[in-house]
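J.: Two chains, each in its own frame: build the complex with the hints.
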Amino acid sequence: MSPADLDAIFITLKLALISTAILMLIAMPLAWWLSQMQSRWRPFLEATVALPLVLPPTVLGFYMLVSLGPQGVVGSTLEALGMQHLAFSFAGLVIGSVVYSLPFAVQPLQNAFSQVPRDLLDAASTMRAKPLDRFFNLVVPLTKHGFITACVLSFAHTIGEFGVVLMIGGNIPGETQVISTAIYDHVESLNYSGANKLSLGLLVFSLVVLAMVYSLNRGAGNMFASQGRSAKGQQE
Amino acid sequence: MVRMFHALLFGALVLMASPARAESLNIAAASSMRFVLPLVIEHYQSQHPTADIRVVYGSSGRLYGQLSHGAPFHIFMSANMKYAEQLLANNNAVGNVQAYADGRLAFWWQGAQSHVSTADILVAILAQPRGRIAIASPQHAPYGVQSLAWLQQHEQWAVIEPRLVYTESVAQVAHFVRSGAASVGILALALAVTDELASEGQYLLIPPHEYQPLRKGMVITQAGSKHPYAAEFFAYMQTPAVRRILEQGGFASVTGLEAASPNQQQALTQ
Chain X
1 MSPADLDAIF ITLKLALIST AILMLIAMPL AWWLSQMQSR WRPFLEATVA
51 LPLVLPPTVL GFYMLVSLGP QGVVGSTLEA LGMQHLAFSF AGLVIGSVVY
101 SLPFAVQPLQ NAFSQVPRDL LDAASTMRAK PLDRFFNLVV PLTKHGFITA
151 CVLSFAHTIG EFGVVLMIGG NIPGETQVIS TAIYDHVESL NYSGANKLSL
201 GLLVFSLVVL AMVYSLNRGA GNMFASQGRS AKGQQE
Chain L
237 MVRMFHALLF GALVLMASPA RAESLNIAAA SSMRFVLPLV IEHYQSQHPT
287 ADIRVVYGSS GRLYGQLSHG APFHIFMSAN MKYAEQLLAN NNAVGNVQAY
337 ADGRLAFWWQ GAQSHVSTAD ILVAILAQPR GRIAIASPQH APYGVQSLAW
387 LQQHEQWAVI EPRLVYTESV AQVAHFVRSG AASVGILALA LAVTDELASE
437 GQYLLIPPHE YQPLRKGMVI TQAGSKHPYA AEFFAYMQTP AVRRILEQGG
487 FASVTGLEAA SPNQQQALTQ
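So the sequence lines, in the order shown, correspond to chains X and L. So in the numbering used here the end of the first sequence lands on 236, straight run, no missing numbers. So in the numbering used here the end of the second sequence lands on 506, straight run, no missing numbers.
Simulated from the structure, these hints should not be mistaken for lab results.
Coverage of chain X stretches by chain L, computed from C-beta distances (three or more under 8 Å per stretch; other residues unrestricted): (1) 13-21; (2) 64-73; (3) 84-96; (4) 167-173; (5) 187-201.
Sample of chain X residues with no beta-carbon within 10 Å of chain L, all distances over it, derived: (6) Asp-5; (7) Leu-6; (8) Trp-41; (9) Glu-46; (10) Leu-55; (11) Leu-60; (12) Met-127; (13) Ser-206; (14) Leu-210; (15) Val-213.
Note that beta-carbon positions come from the ideal geometry of N, C-alpha and C, so glycine has one too.
Next comes chain L alone, as it looks inside the complex (with noise of 0.2 Å):
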């Protein structure tokens, strides 16, 4: 029993003592880059075989609670401009904040039938007695936010608000729908034209004119500014290959939007 005991203890020793690797970049993406940014890295790496990337994706308010308190994490990617600011207003990151990419707002159901337009949606969910929408959590997902702001517009908005779920991230859209307990969902286009969905289900684009663009942005964090990868990757981020796989990726370039007056620049990034 003494001894038992003595090796667990000798184990733990063991296992606390061992090194700890060399230093890799670490990146909070927000979910919507999930499908995308595996590809944006892999092509870097390709250039930079030493650098090691590692990425954690969630909702970009969970990720920015949590870089607020210490998150080790050198690069920032929000989905909307607020959050990545908000990191700088607070000391928590350096430089400027960058916008790279805008965001689109899709409808995404599973199997072959097909709707032409969002109204043509939603009047089907609502014919559907227990016809759920998921859309990721107004409170710390932006595409939650402008997917509530889209739906509150409509003139159905009272019975369309006790048919809604909501989802921790944009991607468990994606999953909600899948496993069949929403009807239909709004996701982010980016999520919504990859293999994995494609294959599932179909989507609907909803016009962008009929909500805010979901600019998003993205800094350097504190913990960045010290990592020889960090401002390199970040400028990276930003070269025209990058935006293309970007585009390719369901999202929309920056490049028309840069000119905009300041009055835009402050409603974009509500």
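In isolation and in its complexed conformation, chain X is listed as follows (with noise of 0.2 Å):
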């Protein structure tokens, strides 16, 4: 493996670690909110998150470069402050990889928040348990099964993203160069065998991940939908 490939790996890594750190301080709150949301915009919110899951990436990434670069409101706005603009960058590659997998991180904990049993929380504050109290003494320990397979998600999703990370990242070797990006140098070098080296081990790792993810949630067929077994199990 050339050392080019290895800075690839070690910048992937890097970035997923980063993002779903980000990830899931954002979608810790914004989960709970939507999961305890009477509202009627519910529905808009929850279709707002989901978005990046049937958006093409070429898209997000091409509004995300338009908006991170020097002529964009972001960009512009950070060049006016007398900082650098965020295309290219990886800052910027963080910035959209946490928009990208977003819904990843979300979803599971959504559904899992949604499933713990509202009379719990009831009782809880009945002995004066404050709701942030409440939160990370009863719901988190519940929904342990949701933040293990958000954050795997999350990490997995940020490692095989591609569109938004050539679109924003620009593939420059040892700076915004992630594995997916580097896959796609290679065959375009016709170097095979370099391509061949790195997608054998994006496939293991996206399957010893899966594997993990359905083991954790065994018994329940959608991975999205199987965190209220251990709500139950705890419960009795």
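T.: Take a look at the structure:
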């Protein structure tokens, strides 16, 4: 494996780890809010969060490039403040990945949260547990599987993304070149053995990750809707 | 659970704080340079061992788009003059656009089968019920523009057109043909003569007078004007040693054409 490949692997892991951490910070309150929401706007908000699931990554990447670049709203504001714009930078990749993987963090958490029995929360509040206390000492332990699924899926999804990182990252070796764009480069230069090594690595990694998620959620058909079991199990 | 989350956050923070490396010279180069440019850089680095050079290859149109959105490249080597000139006109580049080589178009196909003329190739393709011709996308790849223009002159254009498949860049034409998805492709001679392709198939040069020359221009970007090695490497690209490497790599030298009249120059840059 070439030094550029090792760089790409390191950058990919770094990107996935940072994006997952940020995603969990954003997704936790967002998913809780969505799961507790009664408003008729809820489907609209849920659709917004799910949008990256169906939008072609190039569309997302294009909009992000335009807004993060020097002529865009975000990029020009940063430059006016004396900072660098975010297109073709690692920070830009992180922002792109967070947006792109948002549904993979929010949906498992939201499903898990919505299956926490209401009466348990009510019982806790009769014992004067404050909302934050209830969340961290009751909801989080009950929805552990939701957290693990969200973490693993966001991490894996970030590792596998291509369209967004190619658009906003520019595929610069050692800076914004990740595994998937390195594979693309190998294929274009007809270095099939190089492409093969990285591709096989990604394939095995993805298989292991998915097997992990399924074994953690054993007994349920859908990985997105399987966190209720643990909540019920602990309730008994 | 909380501890695991803390570990995740901590790891992320440590990685974010990791120091950036010394700034390398970043070059955005047309796909057709993919096999030749590494030789040039190797040569340059043997004289400048401290220079760290990174190259990103792509279709010139895509690279131009990225450059006009602030991509941190120091030198732009386009496959035509137009994109380099546009970059200069938009104030994203400095100095002059310098022609560094002329590209050549060639048919490339897999296997031992030989063809004597381009007409022969087209007849063979049209005879195959599912024969496909791969060319680079004319929307953003200069080689694609000339490939398409050349095919359009052909009297059988109407039956050729439905056989075309378009690739992201000229280097991907080779990938389409090698994987068997297309029976033949039109690509840069600079790609066809490489070991990687020569061992897999054969090429036939399209006579250069049948299409407008693919004059390639390079320019130093705004970011490059502040880079210590940019101007030097730019000048190095114009030395006789590099011209020789480029010629061996399948490009035509621009020396003979530099004296062309302004009219011709305009025609060349299309």
